[in-house]
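Protein chains in written order, with this note's numbering: chain H, 1 to 117; chain L, 1 to 135; chain R, 1 to 246.
No lab work stands behind these hints: they were computed from the structure. Incorrect hints may appear among the rest.
[Said to hold, decoys possible] Computed beta-carbon distance windows for the label pairs: (1) P26/L x A2/R: 48 to 54 Å; (2) L57/H x G59/R: 39 to 45 Å; (3) L34/H x V89/L: 27 to 33 Å; (4) H89/H x A120/L: 51 to 57 Å; (5) H89/H x Q186/R: 27 to 33 Å; (6) Q212/R x T96/H: 57 to 63 Å; (7) I116/H x Q212/R: 34 to 40 Å; (8) Y111/H x R104/L: 24 to 30 Å.
[What the hints assert, rightly or not] The calculated lysine to any residue pairs, modelled on SDA-like cross-linking and capped at a C-alpha distance of 20 Å, are: (9) K97/L x R184/R; (10) K97/L x M233/R; (11) K143/R x D105/R; (12) K3/H x S189/R.
[Stated by the list, open to error] Here are some chain R residues pointing at chain L (derived, C-beta under 7 Å): (13) E8; (14) R11; (15) Y83; (16) Q138; (17) M139.
All of these numbers come straight from a predicted model, not from anything done at the bench. Even for Gly, the Cβ is constructed at its ideal location relative to N, Cα and C.
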Amino acid sequence: MHKRSNEPFLWMLFSAGGVVSAMLMPIHVLLFGLAFPLGWVDAPSYEHLLALVRHPLTRVYLFILCSLALFHWAHRFRFTLYDGLQIKHLNELINTFCYGGATLGTAVAAYLLWRIP
Amino acid sequence: MNNPTEYLPRSYHTRVSTYWWLARWPYVKFILREASSVFVAWIVVVTLLQIRALTRGPADYAELQNWLRSPLLLTLNAVSLAFVIFHAVTWFNLAPKAMVIRLRGKRLSSLAIAAPNYVAWVVISAAIAWILLRG
Amino acid sequence: MANRITLEVTRYNPAHDEKPRPDTYEVPLRKEWVVLDALNYIKDHLDGSLSFRWSCRMGVCGSCGMMVNGVPKLTCATFLSDYAPGPVRVEPMSHFPVLRDLVVDTSDFLVKLAKSKPWIIRKVEKPLNEEYFQTPEQMDAYKQFSMCINCMLCYAACPVYGLDPLFSGPAAIALAQRYNLDSRDQGASDRLDILSHHEGIWGCTFVGECTQVCPKNVDPAAAIQQYKLTATMEWLKALVLPRGAE
């Protein structure tokens, strides 16, 4: 008999991150990764982007996007390492790397979004 | 049956190869799906770099844009696009399995739950594109 | 269509073999034959020492699970002609210790199945002269998961079970869910205590192959994901109402 795990918390973050990255990432990558650099459409000007990113709603949007996507990666990557590399004894290390990394990324995102002039 | 007996000397345990996932296409697809999360994390890094460049000023931002135009970054981001789309499609197709929604006694099919997700995906993407391109 | 086909069948005799190895047999290729027919032909005419499990020969007992060309199948439900011109590789089910030839040790599954408490659990027993009433909708809620014939093909297909011997596995969890969803059952909380941990439902990474190979369309992958959602709801409820509503 085991005590019920607290895994649901991590699974919720993973699921939320999965939805957010599924809905938002493709268009972000299409535009910022390909369309703008390759000139398929006119890239938005620096001024326009700065104005957009200054808006509190945009900051919240970007924070949620970055943080949840990172926790989605953390959870999925952790299981890939467990099953792929079969290294149960390195559990602690894997968890620290994955969730710690996601937490660090979240903190960086918060800092950067806070510091926009 | 871990204890060998007189009539059953020992059972044979096959070790699972590190390359178990290459043996069959469904397993390869599964690993690719899981690998998509790495590209999701990469895009977060690119996004954070862009925010930082925006904060630092037009010169920094222009330099970042140049970097994004380099063949290496273009290739990386093209591959990322493929993977995040793969993630989105597999996600929308699989998520309905977890949800049992009954309407008037009959269970909603996977398609009935996945379809609105696809529609939302298109609408949201269009909205974001509009916000970015109109300025 | 040719009238013969070659089978490469795994042989292993623990008394004098270091490890399993394939033997080749040529059998008739009859249009209506299944792989099980070919194995019985081998045993009857070519090599009487070949050992394999089978029983009903019609896909309801779950005894004849084996790997056919690397895919877990019920050999009584797998047509030989689908593999023409061959050769057809027949191996014991993956992820189980091999006892002899095509026979595997299934005790691990049976232990895990019992842990899921796959029976109606009542907190309050009804008197013997009172029946349980169940509407068609209530039966529909768990019916799909009740179709499991314990053939273990899902275990042979599940890479997590192959990599982590402690993982409960698809069928054990799907059958737990079958009882959780049964309106007559009151044991969902007990089963959650047993299964809501890393070797239970949280070990599953939704590969989905279990569902693909299941011969009875049980869809264990769906059962597990639904169970994860239920477990998450219960976790949230426990967070908000610690001395809880049960």
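Results of checking the hints against the structure:
| no. | hint | verdict |
| --- | --- | --- |
| 1 | P26/L x A2/R: 48 to 54 Å | violated, 30 Å |
| 2 | L57/H x G59/R: 39 to 45 Å | violated, 58 Å |
| 3 | L34/H x V89/L: 27 to 33 Å | violated, 18 Å |
| 4 | H89/H x A120/L: 51 to 57 Å | violated, 43 Å |
| 5 | H89/H x Q186/R: 27 to 33 Å | violated, 40 Å |
| 6 | Q212/R x T96/H: 57 to 63 Å | violated, 35 Å |
| 7 | I116/H x Q212/R: 34 to 40 Å | violated, 48 Å |
| 8 | Y111/H x R104/L: 24 to 30 Å | violated, 51 Å |
| 9 | K97/L x R184/R | violated, 24 Å |
| 10 | K97/L x M233/R | holds, 16 Å |
| 11 | K143/R x D105/R | violated, 29 Å |
| 12 | K3/H x S189/R | holds, 12 Å |
| 13 | E8 | violated, 16 Å |
| 14 | R11 | violated, 11 Å |
| 15 | Y83 | violated, 16 Å |
| 16 | Q138 | violated, 11 Å |
| 17 | M139 | violated, 12 Å |
Of the numbered hints given earlier, the model fails hints 1, 2, 3, 4, 5, 6, 7, 8, 9, 11, 13, 14, 15, 16, 17; all others are met.
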